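K.L.:
All chains should be built: construct the whole structure from the sequences, respecting the hints.
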Amino acid sequence: MRAVAISLLSMALTTVVLANAYYQKKQFYPSVVYITKSNPSMAVIYIQAFILVFLTGKVMRKVFFGQLRTAEFEHLMERAWYAITETCLAFTVFRDEFTPKFVALFTLLLFLKSFHWLAEDRVDYMERSPVISWLFHIRVLTLLFVLGSADFYFLQHSYLSTMAVGPSVQLVFGFEYAILYTMVANIAIKYVLHTIDFYSEAPWANKAVFLLYTELAMGLIKVVLYVAFVIIMVKIYTLPLFAFRPLYYASRNFKKAFNNVILSRRAIHNMNTLYADATPEELQAADNVCIICREEMTTSSKKLPCNHIFHTACLRSWFQRQQTCPTCRLNILRTPTGTRPEQRPQAQPVPNPFGGGPIPFVNPFHPLLNQNVQVPIPDLNQAAAQPPPSAPPTSTTQGTTQQGSVPPPFSMPPFMPFPFLPFMSPPPMPPTNFASLSADELRRMEGNERENVEARIKCLQNIQVMLDAAVLMMNQYSAAVATSGSMPSTSNTTQPSGDNVSSTPQDSNDSSKQSFEANVSDVSNAENEADNSNTEVHATSSTSEVSANGVSPEEEVRRRRLQRFQQPVEQQ
Amino acid sequence: MAGSALRRLMAEYKQLTLNPPEGIIAGPINEENFFEWEALITGPEGTCFEGGVFPAKLIFPCDYPLSPPKMQFTCEMFHPNIYSDGRVCISILHAPGDDPMGYESSAERWSPVQSVEKILLSVVSMLAEPNDESGANVDAAKMWRENREEFNKIADRIVRKTLGIYIRE
Ligand SMILES: [Zn+2]
Ligand SMILES: [Zn+2]
Numbered sequence: 003m004r005a006v007a008i009s010l011l012s013m014a015l016t017t018v019v020l021a022n023a024y025y026q027k028k029q030f031y032p033s034v035v036y037i038t039k040s041n042p043s044m045a046v047i048y049i050q051a052f053i054l055v056f057l058t059g060k061v062m063r064k065v066f067f068g069q070l071r072t073a074e075f076e077h078l079m080e081r082a083w084y085a086i087t088e089t090c091l092a093f094t095v096f097r098d099e100f101t102p103k104f105v106a107l108f109t110l111l112l113f114l115k116s117f118h119w120l121a122e123d124r125v126d127y128m129e130r131s132p133v134i135s136w137l138f139h140i141r142v143l144t145l146l147f148v149l150g151s152a153d154f155y156f157l158q159h160s161y162l163s164t165m166a167v168g169p170s171v172q173l174v175f176g177f178e179y180a181i182l183y184t185m186v187a188n189i190a191i192k193y194v195l196h197t198i199d200f201y202s203e204a205p206w207a208n209k210a211v212f213l214l215y216t217e218l219a220m221g222l223i224k225v226v227l228y229v230a231f232v233i234i235m236v237k238i239y240t241l242p243l244f245a246f247r248p249l250y251y252a253s254r255n256f257k258k259a260f261n262n263v264i265l266s267r268r269a270i271h272n273m274n275t276l277y278a279d280a281t282p283e284e285l286q287a288a289d290n291v292c293i294i295c296r297e298e299m300t301t302s303s304k305k306l307p308c309n310h311i312f313h314t315a316c317l318r319s320w321f322q323r324q325q326t327c328p329t330c331r332l333n334i335l336r337t338p339t340g341t342r343p344e345q346r347p348q349a350q351p352v353p354n355p356f357g358g359g360p361i362p363f364v365n366p367f368h369p370l371l372n373q374n375v376q377v378p379i380p381d382l383n384q385a386a387a388q389p390p391p392s393a394p395p396t397s398t399t400q401g402t403t404q405q406g407s408v409p410p411p412f413s414m415p416p417f418m419p420f421p422f423l424p425f426m427s428p429p430p431m432p433p434t435n436f437a438s439l440s441a442d443e444l445r446r447m448e449g450n451e452r453e454n455v456e457a458r459i460k461c462l463q464n465i466q467v468m469l470d471a472a473v474l475m476m477n478q479y480s481a482a483v484a485t486s487g488s489m490p491s492t493s494n495t496t497q498p499s500g501d502n503v504s505s506t507p508q509d510s511n512d513s514s515k516q517s518f519e520a521n522v523s524d525v526s527n528a529e530n531e532a533d534n535s536n537t538e539v540h541a542t543s544s545t546s547e548v549s550a551n552g553v554s555p556e557e558e559v560r561r562r563r564l565q566r567f568q569q570p571v572e573q574q
Numbered sequence: 009m010a011g012s013a014l015r016r017l018m019a020e021y022k023q024l025t026l027n028p029p030e031g032i033i034a035g036p037i038n039e040e041n042f043f044e045w046e047a048l049i050t051g052p053e054g055t056c057f058e059g060g061v062f063p064a065k066l067i068f069p070c071d072y073p074l075s076p077p078k079m080q081f082t083c084e085m086f087h088p089n090i091y092s093d094g095r096v097c098i099s100i101l102h103a104p105g106d107d108p109m110g111y112e113s114s115a116e117r118w119s120p121v122q123s124v125e126k127i128l129l130s131v132v133s134m135l136a137e138p139n140d141e142s143g144a145n146v147d148a149a150k151m152w153r154e155n156r157e158e159f160n161k162i163a164d165r166i167v168r169k170t171l172g173i174y175i176r177e
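Sequence order for the protein chains is V and A.
Counting in our numbering, the first sequence runs from 3 upward without gaps.
Counting in our numbering, the second sequence runs from 9 upward without gaps.
No lab work stands behind these hints: they were computed from the structure.
Keep in mind the model is a prediction, meaning the values are calculated, not measured.
Watch out, some of these pointers could steer you wrong.
As the list claims (entries may be wrong) - With a cut-off of at most 30 Å between alpha-carbon atoms, the simulated DSSO-like pairs for lysine-lysine come out as follows:
hint : chain 1 : residue 1 : chain 2 : residue 2
1    : V       : K103      : V       : K237
2    : V       : K64       : A       : K65
3    : A       : K161      : V       : K258
4    : V       : K192      : A       : K65
5    : V       : K257      : A       : K161
Said to hold, decoys possible - Sample of chain A residues lacking proximity to chain V, with all beta carbon distances greater than 12 Å (derived):
hint : residue
6    : T25
7    : E40
8    : D71
9    : P73
10   : E84
11   : Y91
12   : E154
13   : N155
14   : K169
15   : G172
To be verified - Okay, the calculated beta carbon distance ranges per label pair:
hint : chain 1 : residue 1 : chain 2 : residue 2 : range
16   : A       : Q23       : V       : S253      : 39 to 45 Å
17   : V       : I140      : A       : C70       : 23 to 29 Å
18   : V       : S480      : A       : N155      : 48 to 54 Å
19   : A       : P69       : V       : A230      : 32 to 38 Å
Just so it is clear, CB atoms sit at the ideal spot from N, CA and C, and this is done for glycine as well.
P.N.:
Here you go:
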């Protein structure tokens, strides 16, 4: 409404100015001269020009974007505000060249910039909407083409004029359009990636990686451009204050992209080398739903040392953020002395009976957990019913629930023991070549040749190393029990999974907690067998029900879920 | 195929519609954009917020569920864990690593295991049992500790306001 009033007013003023000039001079050229000589008239004309630009912008926005979303509009306003302040700062450097043409060029730059921002937001929006119309594609493609050509034209123009006339304000425009040009390229790449993803049948796992590298390359180009710009400006004019904010943001984004790429590469590497693929049986035994994306796991899933299973792609993107198990927050980092900042927060206490922190102890052993569990050594299997490395964690916490060489997928409690104890001595590294004793190797151990004896000795050494490790773990465990005086009871050990649910800190003195706890321990056996997600859904419904204070449909749902949990127990 | 964040949000929406937790309604404001949700939360029974229906907005990041959503009440609220502009400050909404209050353990923080449903249930329990140590709203925390009667009065006024019943003070 106000905009309409202002444009009408400006229109009226312009008409008055034009009419006045024509009335005084009666001819075209004298009128023009009259207007340009008169300052008030020129002011009116300038205002009119700005309003015309604004109206054109509005029309173009309507054509290319339709209705703007609130977030897009706010984003646009915020960025426009910064751009205008930076332009004002730039004016101070180039005050000698401060002419109407200069102002007009800056206005045009700002105008084009705003369309770049909108295009960027709109293409990012593709990831958020389940419906992408043909109109959308046509709009984005034409817009990208128009913006790209405009940027290229102005870039070329400022390059030629700088070459011809020497450094001038065109330098600034050249850099600005170069930046905008990389932005168009970035948007176009993202658009292509999003489009491919949108029309492909299966989820495209590698898209995130492509986006990561695009981000990195574009970030690098931007930083280089800005640094070059600042250096040139310092050499020719003075310190370009107006370029510092964008330079800062560009370098920050680049740093972030760089870190992301490194973390992603590390995550992929860890994934490929450290964690075993989940077998179909394990998938069957688990709920088969990946807790990260809530979709079925059919192919390429990984099992973590804590026996939680996720999609490989989901896990990779999560490990880029944090090196913990999403379900139980077990720190899965192989190197406890890592210096990544992401590790710090996880060093905070986790509410499990042993405290939290990096868990150095688990990691050396997980290859054993994954592969060497069924060590096919006849003697040893007889002597110790369970393989030593996996025995302490399982048997101490819930040894009653299962026996056998392959631990069921979720039999592990949602934490690993011995997390905070420092090492007195480093644990012996388990043998790596221990699991796969083929018939051939077994045959090699029989007989009296030197080679056979050596093979037997080696095998025995391996066993000794594993036993040493087991003894060490037991020692640490008993030390842990001794030091933590207030060892929680068994019902409390199931608590962490429940605590994830009642995640508000104030819950600790909640009056409903009692019944909630009882509830959890009630089904603790079932919980241990079932997927954590389900238990938590169950637990949450029980909290809400407690607060609702009465029998409700949830009661029924809960009972049914309970029954579902108990089935796997009975089957075992 | 839509992005994984979008697919997960659609799955959660479906789950919430098929099996809604009591006293909570939530869903996208506009089904063309699944990253902005609206939620209606009824005040838990037996608390000073009983009977109120509180509207809130949930904004999800592009990388949901790797990062938590943001939640903001769109009605007036007076609560120790809600900023005066309506933003909710509970640990489940904070990614491990950012700890504005410096008191939360990482186990209570955001992880992909959490969900919209769990967030909303946590908010309900937060309404029932404020944590006056977090202090997103210091005045409310102080009043909750020291002058419960006054706090209940304000809560009652807010409850009435959300129901469209205005009383003269
Ligand atoms: Zn997944
Ligand atoms: Zn786990």
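K.L.:
Can you list which hints this structure breaks, lowest number first?
P.N.:
3, 5, 7, 8 and 9
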